[in-house]
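Here are the chains, one letter per residue:
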Amino acid sequence: MINFVELWVYLSGSPLLWLTATLVVYIAADAISVALRRHPLANPVLMAVAFLSVILLATGTQFPTYFAGAQFVHFLLGPATVALAIPLVRYLPDVRRTLVPMLTALIVGSVTAITSAVLLAKLFGLDRGAMLALAPKSSTAAIAMGIAEKTGADPSLTAVLVILTGISGAIIVTPLMNVLRLKNYAARGFAAGLTSHGIGTARAFQVDPLAGTFAGIGLGLNGLLTALLVPLLLPWLLD
Amino acid sequence: MITALATLLVSQLAGEALVRLVSLPIPGPVVGMILLFVVMLTRTPLPPALGETADGLLRHLSLLFVPAGTGVIQHLDRFGTNAVRLVAVVVLATAITLAVTALVFEFAARWMRQ
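Chains A and B are the protein sequences, given in the same order.
Residue numbers for the first sequence follow this note's numbering, beginning at 1 and rising by one.
Residue numbers for the second sequence follow this note's numbering, beginning at 1 and rising by one.
No lab work stands behind these hints: they were computed from the structure.
Everything numeric in this text was worked out from a predicted model, so none of it was measured.
Ideal placement from N, C-alpha and C gives every residue a C-beta, glycine not left out.
Some hints here could point you the wrong way.
Ranges between beta-carbon positions, derived for each pair [said to hold, decoys possible]:
{"id": "1", "chain 1": "A", "residue 1": "N3", "chain 2": "B", "residue 2": "T3", "range": "43 to 49 Å"}
{"id": "2", "chain 1": "A", "residue 1": "A35", "chain 2": "B", "residue 2": "V22", "range": "46 to 52 Å"}
{"id": "3", "chain 1": "A", "residue 1": "P93", "chain 2": "B", "residue 2": "R59", "range": "20 to 26 Å"}
{"id": "4", "chain 1": "A", "residue 1": "I55", "chain 2": "B", "residue 2": "L21", "range": "29 to 35 Å"}
Stretch-level coverage of chain B by chain A, calculated; a stretch enters the list once three of its residues show a Cβ under 8 Å from a Cβ in chain A [claimed, not checked]:
{"id": "5", "segment": "5 to 13"}
{"id": "6", "segment": "17 to 24"}
{"id": "7", "segment": "49 to 63"}
{"id": "8", "segment": "66 to 72"}
{"id": "9", "segment": "92 to 106"}
With the Cβ distance kept under 7 Å, some of the chain A side facing chain B (calculated, not the full set) [to be verified]:
{"id": "10", "residue": "A42"}
{"id": "11", "residue": "M47"}
{"id": "12", "residue": "F51"}
{"id": "13", "residue": "L52"}
{"id": "14", "residue": "L76"}
{"id": "15", "residue": "F124"}
{"id": "16", "residue": "P175"}
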């Protein structure tokens, strides 16, 4: 028995265990998602995060220990962002043709993302701290954290809200677009990326490569615009 | 595949360096994406290995959010007594933004076609 304890103590402290756990849990979550024919509710990110959180809680593992292994996966977010250039080159004619609708949707969508979050928070009687953290929630995590630093929002609360926006958008987007009878994958994908950054983009790539490409553009452009708009709109919205 | 991975990393590194040098309010990888895009515009057809590596990474983009997602769940206590209201605001604002963005895109595209 003591050997098992020693083995656990050794393995649980090494990056190998938690890197492997991240991959295996994701493969299982993705298999469930495929088995349910990519049903929006069976979101692989949400399922994998839930399973891993239960495992960490059950084994009493601290997050830094887990992240020592998982960081190798996390690191790939950078190269994956760069890789979005490839579908952009491939679909360049489609992108060119839709430049005007895309930029119009970008401006309206970006303003809507910020104002709807802050005004709903006001309506629901949430405090100023919550409104500051909600404002940049549609932008990608790195940009949202930069904005939070400038506006003085709580960084951890901002990060939670960003991830929650990603997961809820990835779940809502397909049924919502079907209700709206929107069949244009460029419009659907662009909305997913603009609203729910990388997690929405991951969902769009699961559905259709053209949707994924437009989601990638939406994520990039809205990141930039949100960084510009939040400082401009906040004083006016908080009034 | 190694050349493709190196191409992605070199682009990211150039992006990170540029962001620091000019102090842009944009993440380095986003600038790296723009740089790679500009370079690849002159390269038709795309190098097949780069295409395959990019597709491989993007096919499993969901996986890459798992560590950050797991980390963020540890901070759920930040919601405190506001949990229900915060989740409601996020879900509603997300649905509104999705609908408005997609509808504006679609109507502008139809208007352009006329």
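Status of the hints after comparison with the structure:
1. A:N3 to B:T3: 43 to 49 Å: The hint (43 to 49 Å, Cβ to Cβ) holds, given that N3 (chain A) and T3 (chain B) are roughly 45 Å apart.
2. A:A35 to B:V22: 46 to 52 Å: With Cβ atoms ~48 Å apart, the hint holds.
3. A:P93 to B:R59: 20 to 26 Å: The hint (20 to 26 Å, Cβ to Cβ) holds, given that P93 (chain A) and R59 (chain B) are roughly 23 Å apart.
4. A:I55 to B:L21: 29 to 35 Å: violated, 42 Å
5. 5 to 13: Our answer is that it holds, as 5 residues pass the Cβ test (under 8 Å) against chain A, meeting three.
6. 17 to 24: violated (count 0)
7. 49 to 63: holds (count 12)
8. 66 to 72: Coverage by chain A holds here, the residue count being 7 at a Cβ distance below 8 Å.
9. 92 to 106: It holds: at least three residues are needed, and the segment 92 to 106 of chain B offers 15 whose Cβ sits within less than 8 Å of chain A.
10. A42: For A42 (chain A), the interface hint is violated, since the closest Cβ of chain B sits about 12 Å away, which is over 7 Å.
11. M47: violated, 10 Å
12. F51: violated, 9 Å
13. L52: Result: holds, 5 Å to nearest chain B Cβ.
14. L76: Holds, because the Cβ-Cβ distance from L76 (chain A) to chain B comes to roughly 5 Å (cut-off 7 Å).
15. F124: Nearest chain B Cβ about 5 Å off; hint holds.
16. P175: Result: violated, 10 Å to nearest chain B Cβ.
Of the numbered hints listed earlier, those contradicted by the structure are 4, 6, 10, 11, 12, 16.
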